[in-house]
Amino acid sequence: MYELTDVTRVYKQKKRTVTALKDVTLTIPDGQMVAIQGPTGGGKSTLLQMLGALDRPSSGAIALDGKQLTKLGDAKLGAVRGSDIGIVFQGFNLIPTLTAQENVETALVPQRVPAAERARRARAALESVGLGERTDHLPGELSGGQQQRVAIARALVKEPRVLLADEPTGNLDEETRDEIMELLEGLWRDRGLTLIIVTHDSAVARRAQRRLHIKQGHVRDVA
Amino acid sequence: MFGRYLRRELGNRRRQTVIIAIGMALAVALVIVVNAVSAGVKDAQSQALASVYGVGTDITVTATPQRPSTAGGAGPQQFDFGADSGATSSDGESQSVSQSRLEVSRGSGTLTAANLATVQKTSGVSSATGVLSLSNSTFSGTLPMFQQGQSGQQGGFGPQSGSGSGTSDSAPTGGADGAGGSSFGIDSFTVLGVDPTADAVGPLSAVTLSDGVGLAKTDVGKDVAVLDSSYATTEDLKVGDTITLASTSFEIVGIVASTDSSSETASNVYIPLDVAQTLSGETDALTSIYVSADSASDIDTVQASLEKKLSDATVSTQADLASTVSGSLANAGSLVANLGTWLSILVLAAAFLIAILFTISGVTRRTREFGTLKAIGWSNRRIVGQVAGESLVQGLIGGAVGAVVGLAGVLVVNLVAPTLSASVGSTRGGFGGMGGGAAAGAAPTAAASAASGSGSGTDEAAGMTGGPGFGGGMGGSSASTTDIALHAPITVWIIASAVGLAVLGGLLAGAIGGWRASRLRPAEALRSVA
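Here the protein sequences come in this chain order: B and S.
For the first sequence, the residue numbers in my numbering are 1 to 223.
For the second sequence, the residue numbers in my numbering are 1001 to 1530.
Mixed in with the good hints, there may be bad ones.
As the list claims (entries may be wrong) - A few chain S positions that, by computed beta-carbon distances, are all more than 10 Å from chain B: (1) Glu1009; (2) Gly1214; (3) Thr1218; (4) Ile1360; (5) Glu1369; (6) Ser1379.
As the list claims (entries may be wrong) - For each label pair, taking beta carbons as the anchor points, the in silico distance ranges come out as: (7) S/Arg1004 / B/Glu159: 54 to 60 Å; (8) B/Asp23 / S/Ala1349: 26 to 32 Å; (9) B/His137 / S/Asp1043: 55 to 61 Å; (10) B/Ala63 / S/Gly1385: 41 to 47 Å; (11) B/Ala63 / S/Ile1022: 37 to 43 Å; (12) S/Arg1014 / B/Gly192: 41 to 47 Å; (13) S/Gly1385 / B/Gly192: 32 to 38 Å; (14) S/Arg1007 / B/Ala61: 55 to 61 Å; (15) S/Gly1385 / B/Glu159: 23 to 29 Å.
The hints are simulated quantities; they were obtained by calculation from the structure and are not laboratory data.
Given the structure is predicted, the values throughout are model-derived calculations rather than measurements.
Note that the Cβ used here is the ideal one computed from N, Cα and C, for glycine as well.
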């Protein structure tokens, strides 16, 4: 469960100060599927980075299952990301020189999983997203949808409690978008994940149990 | 994962890997060749020096050269013949004359036995021995019987050969006064008085005995000589023969050759030091002292001590002496030391720079990749290790290729084995030319051949009666020229240090690239490419 209390994030851009998040207080229970919407520059990605332990707030507190993320050092934050949080990016962010299986295996490296088990779990993760036959393909040899499936497999192979997806269908056509969303929903349901999706797409947002709208750093629930 | 990721990165970014590896390979190859050639040149210099100064000599002490005397009269370089100096021929028209002189080379200063004792007592000196470098000159020939009372004419007598030997067998013919002409020969060779009791250091430590025996401790005071093999061959002398020095017959007991067969030894003839001092009239005199230091690290200290104690002498280390090596060897040494070294540094710096820039550029290009890895939990240390590992392997590939290319380059140098000539200034006395001044009353008209030596004689034989006076300038120090085939030695150390440089370059590039990667904050890395 996420608990955000008065989270503010201020960036300094040259001489300008930008408040990306302002006094955000929010609770996201375990197993909830949440969609975050809002205009560009409204603070969506910043909020996702806070939830993903990729960044620290300027003020306020963020707790994941009672663990205060704001008080952890870089190494421990990295460890939290390595074990508890899976992230799916809009641009897939696969390593172009590694095969699909190797890309998935990279997520198990921080946990020091032995090579054989790493390979086995990576293959299983790829099969779970329907890419069991493409384990040896490089990202460049896969379609956009397939690449995003590899990215989802990478996010899920470490069996996290939280899956964060930043515009997961932003680079995909409608048909593929639906496939990916069905996949994510299926995994959320099957694994009891907390799934938080940042999206511009209302069709995607409508699939979520809860919808948050963020504008000028303020977050509100959409009825 | 580390190895697979590294292999994939290097394989998929082949152009970058190849460029960095080529840069490193060029630098490593150049460093190997330059170091090997440099070591070869140093060996050649040592070889050239050893042939003159001996193996094990760390320091030489020589007396400061003296300005040659130009006073008139019978100077030390002058042969004087009186009316009764020679044997008159049967027809009474000519007389044969011969005179031999053993003396310190013109212009050479001398040290004393006390100086040697001072050196031997100096702290850090392992052993020291003194030598007396002499030149034996023999003037022999046939002169016409001059008629007294005729008006004097200036004439000059030059040697038939500047440093040749032997007298002319052809009868002198045709004098202006009808008394017949003249024929002269000059025989000159170098003689080194060495201490037979001290053979650990000095010129004879660099020779090998090719026949007979060397000078032994029991030879002190004896008229025995050891000859340089080249000189013995030229003069057709062998063990058991005799050689005349200053009108004294010496038994040849041994023939020595340089350890390097292509060069000559330090002197033509070696005799016991005490005998050399007696015959030359230079009692207790030495021209050089050869010093061996206790250890290589003591050499500079010993040099400083000796310079302080012997302020009038010149104290030179092997390093100083190396600068006296001239000829194409010196040119090669200079080329290696200057162009080679700077070229190596330049190429090495360029290779390092290329590796660093490519690595930094690679890290910048892979910002999203590293940001993603951090986002999924990779530690900074793992990412830095990955970047450094890639650079290190690129450096190692370059080092390995460079080692092969460098070894091939050294092989080519050794196959070509360019011959370098080395001239080392030594104390050998070369015999210069003679200038002649006829004595009053003499009327020699035989054409005087021009002397080819560097000496000049202006002495006038004033006061002599009935015989010509000859003033001959002895050449001062001469140079020992040695042809040495350049051999570029390859040592494990050279290869290891060159490859080590490549590894260092890789590590440096990796460290800088890794440092940049470690500074990437995952959120900023992802935001910068969003």
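So, going through the hints one by one against the coordinates:
1. Glu1009: 5 Å, violated
2. Gly1214: Given a closest Cβ separation of 72 Å, the condition holds.
3. Thr1218: 81 Å, holds
4. Ile1360: 19 Å, holds
5. Glu1369: Given a closest Cβ separation of 6 Å, the condition is violated.
6. Ser1379: 6 Å, violated
7. S/Arg1004 / B/Glu159: 54 to 60 Å: 23 Å, violated
8. B/Asp23 / S/Ala1349: 26 to 32 Å: 55 Å, violated
9. B/His137 / S/Asp1043: 55 to 61 Å: At roughly 59 Å between Cβ atoms, S/Asp1043 and B/His137 fall inside 55 to 61 Å, so the hint holds.
10. B/Ala63 / S/Gly1385: 41 to 47 Å: 32 Å, violated
11. B/Ala63 / S/Ile1022: 37 to 43 Å: 54 Å, violated
12. S/Arg1014 / B/Gly192: 41 to 47 Å: 45 Å, holds
13. S/Gly1385 / B/Gly192: 32 to 38 Å: Check passed, 36 Å falls within 32 to 38 Å.
14. S/Arg1007 / B/Ala61: 55 to 61 Å: 44 Å, violated
15. S/Gly1385 / B/Glu159: 23 to 29 Å: 26 Å, holds
In summary, the numbered hints that this structure violates are 1, 5, 6, 7, 8, 10, 11, 14.
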